[in-house]
Structure formats: structure tokens, C-alpha cells
Amino acid sequence: MNRAERLAAILADFAKVEGALLPILHEVQAAFGCVDAEAEATIAAALNLARAEVHGVVSFYHDFSAAPDPRPCLELCGAEACQARGVNALLAAARQAAGERVRVKTVYCLGVCSAGPAARTGDRLHARLDEETLVNLVNAL
Amino acid sequence: MTTVRISDDALALACGAEAVAAAFAAAGCTVERVSSWGMHWLEPLVEINGVGWGPVSPARVGEIVAGGADDICIGPIAAHPFIIGQQRLTFARAGKTRPLSLEDFAASGGWSALTRARAMAPATVIGEVLASGLRGRGGAGFPAGIKWRTVAEAPASHKFVVCNADEGDSATFADRMLMEGDPFQLIEGMAICAHAVGAARGYVYMRSEYPHAIAKLKAAIALAAEHIAPFEIEVRVGAGAYVCGEETALLNSIEGKRGEVRAKPPLPALEGLFGCPTVVNNVLTLAAVPHILSEGGAALYARLGVDRSKGTMPIQLAGNIRHGGLYETAFGISLGDLVNRIGGGTASGRPVKAVQVGGPLGAYVPPSQFDLPFDYEAFAGADALIGHGGICVFDDSADLAALARFAFEFCAAESCGKCTPCRIGSTRGVELIDRIRVGGKPQADAVERLPQMHNARKAGRSREEELALLDDLLEAMQFGSLCALGSFTPYPVRSALKHWPEDFA
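Chains as they are written, first to last, in the working numbering: chain A, 419 to 559; chain B, 625 to 1129.
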């Protein structure tokens, strides 16, 4: 299935869903790694919206991106509970291990606030991180 | 053959429960995956015939199977001090049932409240919710029964029940644990609400940071479809915007729009999702409903708690705390009891410096106020809030000025941008705190010196003048913002300034 067919299939899946834009954008982001201008235009046409409206939504939410980032990603929690458990002291080591190869993204709260510092890679969660386990996690990506 | 019970809650998994479960299976045990007891410092917690071991690593599995590992054995779990001190109504099944087992759910009283409610007139159901005194557990504490009655009495062909599962506050995880551990209870609560208000369709709006809860709840909804029919529930996944936990931003997000806050009125109860009357309730509010609608449940609920804070609150102990986890108890318990007696003080062993109650928009409370009872009005009276019931503990290494700055930074990152005090005030706040920490502003900046900036001040500002400016800014944000993000950001900042002024020097 090429790109256009894939996008058409996603749009067809949600043809009868009320308020379908967010579910569609999640699918497109997962399939293509981004929601680019071309995809925005196609989605806008299918939902009878202006491209500006779709772009407004894409740019509003942290989960959607305009261009793909092929690097592996580590989401590190930077919220208060993980700060209380010392995440700020681990940042430098994580960034150094990551270099340009791995994207280290700060997120606010992964919901394991009694066992921080916490990170997420894909759908896997990691808790009780210290410098060594965090660096190992980055290196394994 | 030995049956071993291990939680498959996201926190247990993050602490390595999967490897422990695999090790027990390899040792010839039957492994049953259950919900979490909520004693997070003991995860992965292993239960064999009611006796618990934790935290367990795969290396200790052999000893446990042989009946050893006494150093990490906690004895009968149900008799643990952390558990027996609680009054678990919403989390009655925690640790005891398999999350996706309809059999376990029905055997522990599941669906009986829905059956009872459906045999009653909708107005009678609402009457019981009113009588219970249940207030919204998301933070605002609005009486649930009044909201339901407003929706029920609104004339419309379509109405909706929306469950707010966008649990973005740091130090909160009760919604996640409920959806992962006892999803059918939430579904039952939503179905009861739908019957009471006349809704045919419900949505659960859940944050994308909770992949395990999304999977569990979707599976549970599919399994429960025939029990709640003709009512239908759909899970909608957020996209990383904290502000979508605000109810009107949440509704916009479900509709496929930017998560911008709507001005109220109109109230969502009258013009909510797709313009229709909509109940928007938090996970914990809806999950409390099956207990309330059980025989005599409303009266029991109303007897618990203090003053206008009725029933129980699932309190979340988090941050730098020795015994973190979920502690459900009646309102009225003191903050000091929660932090010191139950939570065991800090995990680091250092003295407690501050606790933030109610998430990133909640006030920092010093130990001198630890006699505060956990009660909506008592907290409001002390310029603090309960919020969603999260308690985040900090030890004496915390820098409250940095945390106040972070509150502004967080507000700037998550502001929806619709109202000016929040959108711009948050960034000005970060700058102000930076200037206060270096003792003020020696001279006007380049822009202020421009000839066309007629009204700009041409001299610098002293630290005292900067503090007065910060106070002005906080007032503008508190009273001028559209929603709680902008109007509550002053809580953490003001409380930090008031109780720890030395950190700002």
C-alpha cells in the first residue's frame, strides 16, 4: 500500500465517526511519523475543513509533528513528583548518552509518581531510574 | 500447583513485574495477573495464599517458591497497616480481582448497582447521588447530583456522558489505577449516569501518556457491551495537551478541535459536547457511583467525611515519600498523618520541606500547616486546594523558587493561548522570578528605552518593586484567566513566596 492509499484507508475507517479529527491524526502520526502539509490538505478535504483548521489542530497538540524525526525517542518525566525524586540531577547524563542519536523529550507526568524518576520508550514504562539505569536505557535504544 | 498473584498495573510493570511473573511461570507456578494493592514501594508485589513479598526481583523467585525470602515478606497483605487503615469503597477490589475478568467483577458485586438503578426512575437515582453528598473528584468539587439533575432536566434529543480521564496532574495516578485495575466499575458508573440523565452515548477522554490504561479500558468496554446496552462508550485518546483536562477544552478536543477553553456560560451541562447537554465527570466521581447506588450505599457514603466533604477520597501519596501509593480514606484525615504516619516521611530520609497538594496548580504547604484536615473547605480556607487528591512530598533539598518558576514555565508550555493573562502572564512570570532572584533590574531594557515606548519606565526596578509587580501579575492571572490553568498557577507561586521567601533571595 502506498502513502496515498494508506491515508485514504485511514480516512475511510473514520468516515462515520463524529469529531474524527484527533483519532485520524493519531493514526496518521503513527503511520507516517508526522502529519505534514500534504496529509493536512488531504485530511481537510475529507472532513470538509480548511487546511488552516487542520493545521491549527496539528500544531496545538504535543503528540503531532510536522516533520518526521527518525531517531529513537526517550520520554523523560519532568513534572514535580519526578523532580522531588531527583530527575533534574539525571538530565545531563541522559543528554550526554543520547547525543544527537537519541531524542530526549521532556513530558509532564507518566502516572507513576510514587516511583520516579520515570521514563517511557514506546509503550514501555521505566521507573525508579538512577543515572546508571537511565544511561543504559538510552544506550539500548 | 502454587498460584502466584502479581499486578499488571503500569507501575508494577515499570518496576519489572513482567520479568518476575515470567520467573514464577518458569518455576512451575500458575501466575494470575491482578490489579495493584496500591502499595507502590513494594512493587513488584507477589501474593501467594494471601501472603505478600515485595519488592521482588527475578533473582528472589526461587527462594519465595521454596518458602523463604523472609526479609522481603510482609505477611498477610490484607492485614498490612497501610491497607487496614483505609476505607476502600472506590478501590474495594484493588489487589483482589483480575481487571478484565467479568466473573471476578460479578462475584464481587459488579452490575448489581446498575440493575438496581435501572429499576428505579431516573429522578430517584439522581436523588440518591444528591443524598450521598458526592462531589466532583476532578478538583472543583461541584456536587455531582446537581450536575446530573441539570442535564436530566435540559430538554434535548441527544445527551452525553463524558468521563474526564485526562489525569495530567503530577502526583496523581488514581484514575489510571482505577481504569487499569477495575475498569468495569467505571463502565458501570457511566451506565448508571447515562440512565439517570437520559444519555445514549458516552465518551472516555484519556491522555495518550497512559497506553496500558487505554488498552485495558478498550478491552473492558468490548467485554461489557451487552451489560450496558443500549448505552455505548467510546474511548478517545488525547494528544499530550495538559489543558484538555479542563472540561470545555476536553469537549473541544473530542469534537476534533484545538483544545482551547470555552467561556462559561453556557455550562457544558446545558451546551456541552456537540452542543448537547453533557455530564462531564472525573473517573473517580463516576467510579464512586456503583457503591452509592448499591442498597443503602448513599446513606453510608454521606455518613463518612466531614462537613460538606462527604464520603471517601482516593489520596495519592507521591514524590519523595517512603511509602507512596494509593490511600483511600474518608475526608477529614490530617495532612501530617498522611505524610508522616502513613507515608513514612521522605524516601531520602531527609526532613520534609514542603508538600504540594492538588497537582501543578496546587499550593505548597509547609510542615507547620500539617494539621490541616483533608477537606475541600479547610484547604480553600488556607489558600490551598485538594484538587485531584495528589500529594507530592519534597525534602529539604527542594528549591521553592525554582519550583515557583517551574509553575510558570509549565503554565507557559501548556497554556491553550485563548486568554491573555495565562498566555502572556506565564512567560512574564518566569522572567520576573529570574529578576527577583538576582535582586531586581538595574536598568530599563533596550525595548523599554525606545523613544516610541512612551509609557515604558526608563529606569530599572528594585527587588521590592519587582515583587510588587509579581503580585500584580498573580492577581491578573488569578482573576482574569478563563480556566484553572491560568487562575490557579498563582497558588504554587504565592505559597512558595509566602512560606519560603529565603529561597528567592
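Heads up, a few of these hints could be off.
To be verified - Pairwise CB distance ranges, derived in the manner of DEER restraints:
#1 849(B) - 426(A): 25 to 33 Å
#2 733(B) - 521(A): 25 to 33 Å
#3 1026(B) - 559(A): 23 to 31 Å
#4 550(A) - 1093(B): 43 to 51 Å
#5 1103(B) - 468(A): 31 to 39 Å
#6 519(A) - 965(B): 31 to 39 Å
#7 733(B) - 559(A): 54 to 62 Å
#8 485(A) - 1026(B): 41 to 49 Å
#9 849(B) - 433(A): 41 to 49 Å
#10 705(B) - 558(A): 51 to 59 Å
#11 509(A) - 1064(B): 25 to 33 Å
#12 559(A) - 755(B): 20 to 28 Å
#13 736(B) - 550(A): 49 to 57 Å
#14 510(A) - 1086(B): 32 to 40 Å
Please keep in mind that the hints were generated in silico from the structure rather than gathered at the bench. For each residue, glycine too, the CB sits at the ideal point set by N, CA and C.
**Distance restraint hint 49 to 57 Å, applied to the beta-carbon atoms of residue 736(B) and residue 550(A)** = holds (50 Å)
**Prompt:** Is the distance from the Cβ of residue 519(A) to the Cβ of residue 965(B) consistent with 31 to 39 Å?
**Reply:** Since residue 519(A) and residue 965(B) have Cβ atoms about 47 Å apart, the given range 31 to 39 Å is violated.
**Request:** Starting from the hint 20 to 28 Å, judge whether the C-beta atoms of residue 559(A) and residue 755(B) obey it.
**Result:** 54 Å Cβ-Cβ, so the 20 to 28 Å window is violated.
**Prompt:** Okay, residue 1103(B) versus residue 468(A) on CB: inside 31 to 39 Å?
**Reply:** holds (35 Å)
**Range hint compliance [Cβ, residue 705(B) to residue 558(A), 51 to 59 Å]** = violated (39 Å)
**Request:** For residue 485(A) and residue 1026(B), compare the CB-CB distance with the range 41 to 49 Å and indicate the outcome.
**Result:** Since the Cβ atoms of residue 485(A) and residue 1026(B) sit about 33 Å apart, the hinted range of 41 to 49 Å is violated.
**Prompt:** So does residue 1026(B) sit 23 to 31 Å from residue 559(A), Cβ to Cβ?
**Reply:** holds (29 Å)
**Cβ distance range 43 to 51 Å for residue 550(A) and residue 1093(B), holds or violated** = For residue 550(A) and residue 1093(B) the Cβ distance comes to about 45 Å; the hint holds.
**Request:** Indicate whether the distance between the beta carbons of residue 509(A) and residue 1064(B) respects the range 25 to 33 Å.
**Result:** Between residue 509(A) and residue 1064(B), where Cβ atoms are some 29 Å apart, the hint holds.
**Item:** residue 849(B) paired with residue 433(A), Cβ distance criterion 41 to 49 Å
**Value:** Between residue 849(B) and residue 433(A), where Cβ atoms are some 22 Å apart, the hint is violated.
**Request:** Check the following: the C-beta atoms of residue 510(A) and residue 1086(B) are separated by a distance inside 32 to 40 Å.
**Result:** With Cβ atoms ~35 Å apart, the hint holds.
**Asked** That 54 to 62 Å hint for residue 733(B) and residue 559(A) (C-beta), does it hold up?
**Response** violated (45 Å)
In summary, the numbered hints that this structure violates are 2, 6, 7, 8, 9, 10, 12.
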